[in-house]
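Asks: Chain residues, written in single-letter form:
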Amino acid sequence: MQDLIAGFGSAFTPNVMLFILFGIVLGYVIGVLPGLNRPVALAVAIPMSYYMDPLAAIAFLIGIAKASGTGGATTAILLNTPGELNAAVTCFDGYPLALAGRAKKALEVALYSSVTGDILGTIALIFLAGPLALVALRIGPVEMASILLLSLGFIAALAGSSLMRGLAAGMLGLFLSTVGLDIETATPRLTFGYVELLDGIPLLAITIGMLGLTEMFIQAEQLHGGLKRTGVGDEQEELRRNIDAATEDGLSGQELRQVTPTIVRSSLIGTAIGMLPGLGPSVASFASYAVAERLAKPGDCFRRGDIKGVAAAETADNAAVPASLIPLFALGLPGSVSAAILLAAFMIHGMTPGPRIFQEHGQFMYAVYASMLIASLIMLVVGRIGLVAFAKLTRVPETIVIPVVMMLCILGTYLESHSIFAVGLMLGFAILGYVMEKLGYSRITFLIGFIIGSLLEAAVRQALVITGGDVTQLIHYPLALILLGAGCVVGVVLLRSRRPPAHAIDIQEPVSGPRSK
Amino acid sequence: MRENKAWRGNVRATVIEVGLIGLFCLLVLFWVIPAETSGTGSGLDPDTMPTVTIIALLATAVAGAVIRILHNGKGSEQAGLGLAPLFVHGGICATGGALLGLLGPLACTLFTLPALMIALGERRWVRILATTAVGAAATYLTFGEGL
Numbered sequence: 002m003q004d005l006i007a008g009f010g011s012a013f014t015p016n017v018m019l020f021i022l023f024g025i026v027l028g029y030v031i032g033v034l035p036g037l038n039r040p041v042a043l044a045v046a047i048p049m050s051y052y053m054d055p056l057a058a059i060a061f062l063i064g065i066a067k068a069s070g071t072g073g074a075t076t077a078i079l080l081n082t083p084g085e086l087n088a089a090v091t092c093f094d095g096y097p098l099a100l101a102g103r104a105k106k107a108l109e110v111a112l113y114s115s116v117t118g119d120i121l122g123t124i125a126l127i128f129l130a131g132p133l134a135l136v137a138l139r140i141g142p143v144e145m146a147s148i149l150l151l152s153l154g155f156i157a158a159l160a161g162s163s164l165m166r167g168l169a170a171g172m173l174g175l176f177l178s179t180v181g182l183d184i185e186t187a188t189p190r191l192t193f194g195y196v197e198l199l200d201g202i203p204l205l206a207i208t209i210g211m212l213g214l215t216e217m218f219i220q221a222e223q224l225h226g227g228l229k230r231t232g233v234g235d236e237q238e239e240l241r242r243n244i245d246a247a248t249e250d251g252l253s254g255q256e257l258r259q260v261t262p263t264i265v266r267s268s269l270i271g272t273a274i275g276m277l278p279g280l281g282p283s284v285a286s287f288a289s290y291a292v293a294e295r296l297a298k299p300g301d302c303f304r305r306g307d308i309k310g311v312a313a314a315e316t317a318d319n320a321a322v323p324a325s326l327i328p329l330f331a332l333g334l335p336g337s338v339s340a341a342i343l344l345a346a347f348m349i350h351g352m353t354p355g356p357r358i359f360q361e362h363g364q365f366m367y368a369v370y371a372s373m374l375i376a377s378l379i380m381l382v383v384g385r386i387g388l389v390a391f392a393k394l395t396r397v398p399e400t401i402v403i404p405v406v407m408m409l410c411i412l413g414t415y416l417e418s419h420s421i422f423a424v425g426l427m428l429g430f431a432i433l434g435y436v437m438e439k440l441g442y443s444r445i446t447f448l449i450g451f452i453i454g455s456l457l458e459a460a461v462r463q464a465l466v467i468t469g470g471d472v473t474q475l476i477h478y479p480l481a482l483i484l485l486g487a488g489c490v491v492g493v494v495l496l497r498s499r500r501p502p503a504h505a506i507d508i509q510e511p512v513s514g515p516r517s518k
Numbered sequence: 003m004r005e006n007k008a009w010r011g012n013v014r015a016t017v018i019e020v021g022l023i024g025l026f027c028l029l030v031l032f033w034v035i036p037a038e039t040s041g042t043g044s045g046l047d048p049d050t051m052p053t054v055t056i057i058a059l060l061a062t063a064v065a066g067a068v069i070r071i072l073h074n075g076k077g078s079e080q081a082g083l084g085l086a087p088l089f090v091h092g093g094i095c096a097t098g099g100a101l102l103g104l105l106g107p108l109a110c111t112l113f114t115l116p117a118l119m120i121a122l123g124e125r126r127w128v129r130i131l132a133t134t135a136v137g138a139a140a141t142y143l144t145f146g147e148g149l
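Chains A and B supply the protein sequences, listed in that same order. Everything in the first sequence is counted per this note's numbering, starting at 2 for the first residue and increasing by one. Everything in the second sequence is counted per this note's numbering, starting at 3 for the first residue and increasing by one.
No lab work stands behind these hints: they were computed from the structure. Since the structure is predicted, the reported quantities are computational estimates derived from the model, not experimental observations. Please note: incorrect hints may appear among the correct ones.
Just a sample of chain A residues kept apart from chain B, beta carbon distances all over 10 Å, derived [unchecked claim]: (1) Q3; (2) T188; (3) E222; (4) P404; (5) L428; (6) E458.
Here are some chain B residues pointing at chain A (derived, C-beta under 8 Å) [what the hints assert, rightly or not]: (7) I18; (8) E19; (9) G84; (10) H91; (11) G93; (12) A96; (13) L122; (14) T133; (15) G137; (16) T141.
Cβ coordinates follow ideal geometry from the N, Cα and C atoms, glycine included.
Could you put the whole structure together from the sequences, leaning on the hints where they help?
Replies: Pasting the structure below:
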């Protein structure tokens, strides 16, 4: 507790508070703007954080991650167009509420439940990440290699259209992580003589290319193909009507009491699901909504405009985000796309999340926790004040949004390294990401494979030295055997089930699918 | 008849997909890795990890293709590649990147923003000019003397 109080001391500085506020406002704006979502927001914002001090930078990005998710609910409620798959659940009840002239109620309940879920998820993070990291410190390289392999397999199974395609994407990520100086012999590997590649492929170029620019290519293609709303005629009128409705009566005290049990229950579901690598906001939202629907009382009208439905989806969505940081902080394992991008941000600022981070940067981590809690409260205030103003941003046409984001991707990559080489790489990875998306290969599994590649290689090397390269020595490492066995069992089960459940297909993928603006 | 045609289409798509991945993997395995790695290590040789991952990539891609074919082509359905928009927008971004290297960030912004807006179908000149002006001002403020 003393550490947390000290963390609040570090976070309560004008510099950090200002950047949290900036992140929240920017996150809200990006979340509300058509075509943008949490991963794109984070990918584009990383270069902006490059010149900030580490705490301000991480707080800024956390502010964006939190607010862009909450902002995304606005388009789901007013336009029936979710920015991410997890927000699709908000549409089930949010849009009927807006059509019934109760848009303000829906937006308010989305805000309150988002903030509550977020705070409870952050509290779980505070209490679980540190102790889990202590356990992880006792884990040797053999077990660590097993954990990384199991997690990659788990993410591959859940994040793509099929297990094998997911694994293939993960393997490509692992392969590209070997580019650069060999960690043991320091000889160049796969660099083709480029000095720029000696430190490996820049993480920022891959992140911005694969998440930011690829997404914009897809959005632009949909705009060309007439798959998106044009923002004219009846649709513009519908939007105007829904925004006007957002200025009318808000949520009453009685309604707030009615949704409180749903919010608490969904927070627990969101946190529990969020902390498992590979699952996350999408599964959390669907699961939470399914439970709320199952426990419906007579008079509840799920899927026809029930505020409990909005609360269930939004709470779990936002609780899962901080919970997904638990494996990142404790094991160095990014279990979600947001966690992967935050990992990139930590590394840019000279820190590597993992079990040792609490020993090496203990006070910093508690300052991050404090800034997360502060960000939740600022989000509540900003969201409450700007509810209607943010809703009006949904009118910004995509012919402006997409070029501006593409521009930010190019300049953002250049800003970090002042290198055209990095911009070229970013463009190359954007095209690769586009092709992968079209062929059903998960970009997220690729990215996570790339990020954990160096960790895995180091763990495997150490494990081989310890065991003398003798596989039978694994008998002395029962935890590693159990993890590898569990991985095989899960793999066989997933292969036999032919296809993952419908809602699991695009888990954690930054979007493309449901949006049809 | 129609189902049979769809199945054949799916199988053909799967074969082409795995063929391209296989070609890439073989190229990397027999040309890139031997040419671009050297030395030996105490735990693993520098070329071991790239080799293992590329073989695993090939194996998972082939296994996935076999499973899809055995399941009557299910899961082979792919979204078509929208090559024309990709070339247009990718081309504009690449040109913008080249301008960035040759003339600096401001020139890149002044070209890329309006070009992308026009490519996306925007025809209102006030909107195009206003967005470009704001974008250029933001670029100038961000990069300052580095322009």
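Asks: Please go over all the hints and tell whether each is borne out by the structure.
Replies: Each hint, compared with the structure:
1. Q3: holds (40 Å)
2. T188: The assertion about T188 of chain A is violated, with a minimum of 4 Å to chain B.
3. E222: violated (4 Å)
4. P404: violated (4 Å)
5. L428: Per Cβ check, L428 of chain A is inside 10 Å of chain B; nearest 6 Å; violated.
6. E458: violated (5 Å)
7. I18: Given a least distance of 10 Å, the restraint on I18 of chain B is violated.
8. E19: Holds, about 6 Å.
9. G84: holds (4 Å)
10. H91: holds (5 Å)
11. G93: violated (10 Å)
12. A96: holds (6 Å)
13. L122: holds (5 Å)
14. T133: holds (5 Å)
15. G137: Check passed: Cβ of G137 of chain B comes within 6 Å of chain A, closer than 8 Å.
16. T141: holds (7 Å)
The structure is inconsistent with the numbered hints 2, 3, 4, 5, 6, 7 and 11, although it conforms to all the rest.
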